[in-house]
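If you're matching positions, the sequence shown starts at 1 in the UniProt record's numbering and goes up one per residue.
Worth flagging that the hints you see were computed from the coordinates, not collected in a lab. Just to be clear, a hint being listed does not mean it is correct.
In silico SDA-like links for lysine to any residue, alpha-carbon gap of 20 Å or less [stated by the list, open to error]:
id, residue 1, residue 2
1, 592, 543
2, 146, 334
3, 600, 540
4, 146, 921
5, 564, 650
6, 377, 433
7, 697, 389
8, 491, 43
9, 581, 557
10, 697, 225
11, 98, 117
12, 225, 33
13, 225, 38
14, 592, 647
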Amino acid sequence: MDTQPEVPEAPLRPFKLAHQVVSLTGISFERRSIIGMVELTIVPNNESLRLIRLNAKQLRIYSVVLNDVCQAEFVYFDPFQDICHKEPKSRSLVVYSKHHLTAAQITDPDVNNGELLIQVPPEGYSLIQEGRGLRIRIEFSAENPKSGMHFVMPPTSSEDDTAQLNCAHMYTNCYENSTRLWFPCVDSFADPCTWRLEFTVDKNLTAVSSGELVEVIMTPDLRKKTFHYTVSTPVCAPNIALAVGPFEIYVDPHMHEVTHFCLPGMLPLLKNTVRYLHEAFEFFEETLSTRYPFSCYKQVFVDELDTDISAYATMTIASVNLLHSIAIIDQTYVSRTFMSRAVAEQFFGCFITSHHWSDTWLAKGIAEYLCGLYSRKCFGNNEYREWVQTELARVVKYEEQYGGIILDCSQPPAPLPVSSTNPAAAASKQQEIVHYFPIKSLHTVSPKYVEAMRRKAHLVIRMLEHRIGQELLIQVFNKQLVLATNAADMKIGAGLWSQLLISTNIFIKAIFTVTGKDMSVFMDQWVRTGGHAKFSLTSVFNRKRNTIELEIRQDFVNQRGVRKYNGPLLVQLQELDGTFKHTLQIENTLVKADITCHSKSRRNKKKKIPLCTGEEVDMDLSAMGDSPVLWIRLDPEMILLRDLIIEQPDFQWQYQLRHERDVTAQFQAIQALQKYPTNATRLALTDTIESESCFYKVRCQAAHSLTKVANQMVASWSGPPAMLNIFRKFFGSFSAPHIIKLNNFSNFQLYYLQKAIPVAMAGLRTSHGICPPEVMRFLFDLFKYNENSRNHYTDAYYRAALVEALGETLTPVVSVAMHGTQITTDSLSTDAKLVLDEVTRLLNMEKHLPSYKYMVSVSCLKVIRKLQKFGHLPSLPHIYRSYAEYGIFLDLRIAAMECLVDFVKVDGRSEDLEHLITLLETDPDPAARHGLAQLLIDNPPFTRESRSRLDRPNLLDRLWLSINTLSCDTKLRCDIVDLYYALYGSKRPNCLQANENQNFYNDLMKDTSNSGSSFKKQSDVKTTENEPTERKPAMVTIKRTATEAFEVGDEIIKLERSEEITVLDEPIEVQAYDSETKLNILPDDDGPSDANQLTKRVKTELYAEDENSLTVLDVGESTRYDDSYDEAKFKADGSVKKKKKKDKKKHKHKHKHKHNKEKDKDRERKEKGDRRDPQISRLQTREAATPETLSSADSSNSNSNTPIHVN
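Work out the full structure, taking the sequences as your base and the hints as a guide.
Have a look at this one:
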């Protein structure tokens, strides 16, 4: 990564932006278009200004006029419309990334670039005077925008045309700094100015925008009205937004400056959702000791938004899916957190913005940190700590999968001190982190990276809190806000508007000013360097010296995303006499420390044990050994970005779970105890589930952990199935415990437990690997006796959890799959039939009585997919396709898409994958497009290593075209780059690799053509991929796939194309090996075998469903089936590889890149067993000679029961 100093190399912008007017006069819903004008007031820095660069995309520019008098010439170009035009054939992300970054930098406003170049004409030179304002008026329009603006036009039907049209609305949804997509501007976070905004809309619509509403004026024809907004506080263009629609308006009763807007019919939900928002304002103003920086605040809830919430200056555009009634429990936490974060972003992100795109981590991190403080006040410390632990785990997971996240890559960290003994070693420590996308622009980074960066930024701000203290950190924030508030009141001439910006270096100086501490080293370590630390801890008690010997290792420093940590590390020991903290200095990858214990072992003496909270508890010490240490914790406050592997005996984990009061330690203990299936573990987990003093998420997690422990103890388990008695104790009726009480969710802890226990119990298995009958009866009783009529809260989430539990009870079918018989209702097992009946009933009921967000339907779809995967139902995609169509509720569509993605990976054909890619490219709902992209990235249909039949050049071409031409939709383009990486990696894709090996084949052709019979002639006759068989007796239609390409003579044969061919069904002589048939293929004369005929056996066999397998529906008839055998992979290093192939004739067409002897033996046994059953057959090559195999690629891949004569 070429890191640059923070000051850009290009000259700074030759003018300052003072004021901007945006006027949209024609907003048309029918044509999905806008017509408007902008006027930018700029102050030139010098009189030689001749070229003005602005940002504008997907806009039609009509005219540019300077000071209303002078027409200016302009040039518009967009490098994102064809990113790799210079190297169209490369197809590798390594090449693409360079061009992608170049395209972003050519139009980067931070370095005075842009898509719109305005040439100042000679007659305009006199208008440019240093320090005097110059007005640039631009008239423009946009039609059918691809991104940036979204028009929601609900599908209409004849009956409710008017009702549907009443809900039509539009809004701007700009990803990062993409305001250029709806009006020309300087699209940079670092150029704030004041604004005047005017929007003319139909008289029944409302236009909501940034700033204060000054007036609403009717047009002379009384058909339209114009909304006038002014923004007197300087803000940057990316923080300007607009929403137009028939909104219902609700003024917050607690704070009249706050107004909420929602679509018709949703006002009751809106009132409930926002009733606590005023508390967030009060909290942030009190915490930061600063007034809210703007004069008003607006929240608009819209449909089809691709994020949950987006904050802009003085307004927030939020998804309608955040709205909920008072009867909803689960959504309340989510909605309240999102809305409070949007308010925090008004302070940092909208008022104070980043100096450069690489400083966005600060605004995002500070807003997230403030939101965390508010959540802690709202939902309690346990919820907050569990959230921090989850955020940390997600950052660690991302970094280990994709590489370290560098928060600020604008300048490199200071070089490490070079050791005199080994200077090379010190230099090598700063390893370069290479991603498959450039991290130097917000328009080229992966959306996943941006999300992980926000999480990491929050954790780094939290680390700073521990370094300098919360009070001083808040003072630093306050100092920035006070300076910005003073600057915002000044005119541009004062030159203070730069104080509205924050950067890493400014932040370091502010910390130094307030605290006197220099944080440069900290910033180098955690902000300018990517990666996290990873520690493993083991301990041994030395009885003689009464010390605990710790060994802390960093063995994973060479892993992706992990880096070596040097610095202090806190170790917390819980001993018999209290909690003791020790700080160790970590300098090497292996650190040993002897810590003297403060207490002696006393297993037999009864004495209360003090905990770190100050309370004293009784403990049963019988399980302890000689050590007085009850448990050990590493970095308990999560003040490092780290991953931990702690090894300690099971009884220490059990003590930690029972008696440690910190929820993060309890989660660690629950996770660790899964490896110790003993009665003591069972008891500890059971007690945790029952304990009402435990945090509800810990209890739910303990239930899931107990399932895993019980399944490992299945032989020694005594009593009823795990958790059955606990559930009946809490929720069963007094007189008949098997009948559940009426639902009463007023105790939220018990509500979450009531949802979690059935799902956990459904995972229990008997010694035969099936769900116990008592558990099945228990679950169906829960459905049967579920009664919610007297409950204040909805049971939608609870019923969805019960359906999920039904899915968890399912196990794969063995017998049906083995014989390839058709799946009918009669072949369903009793349990599967009951599950299917229940799911069908619920799906039908949802059509008439939908649950909140169709939660029950979402769970039902996932259960149907499970039934398909496990062989209970035929694997067909039709139901998911119907639920994935546009017009269905978003959550239901995403669930259906998840099932489709899984179906394509396991059973899908190319058409199914093409259908998904079409959805990804053309779906009208941006939220669905982004959701589908994430599903495909997380569960790709194939990978570079898998060599799947879905890996075809036409798919590659389609994705390559998308990432090169999706110029407007940055988010979708970067999503598809992520998908491209998931499928093909960053190098040249495999299905094109074969072209690079043509020289090898040419040499091979020359060698073989020197001897008598020509390989070329035979190949010309039969091996071309596009040629069907000419003679047409009875035919069998077969779908065949191969995965290589080679050149024969003048013809290039690409064997990655999968298509139908016809195979002759003539009467011939068959040498019977049960269902085996001989294929006669003419070899060339100098082949390794002297015989004129090469004998190959055909055998087909039904395999389990994976991408390297064969799927057969019915072998008895002449049916179509798919194969996905791995072809031998030819590399261009010639004869050495060839020799190896001869040695491995046996597994020709079957090897999976690893020739494992044991697997081969298993296969041979399987094949012998298969011969007994004439219905099961599989392609098996008995002899395979290298050149001949090439010529017979067709026949070896067309898995037919009939021989093919190649003449």
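Exercise. Against the structure, test the hints numbered earlier, and report the numbers of the ones violated in rising order.
Key: As far as the earlier hints go, 2, 5, 6, 9, 10 and 11 are violated by this structure, in ascending order.
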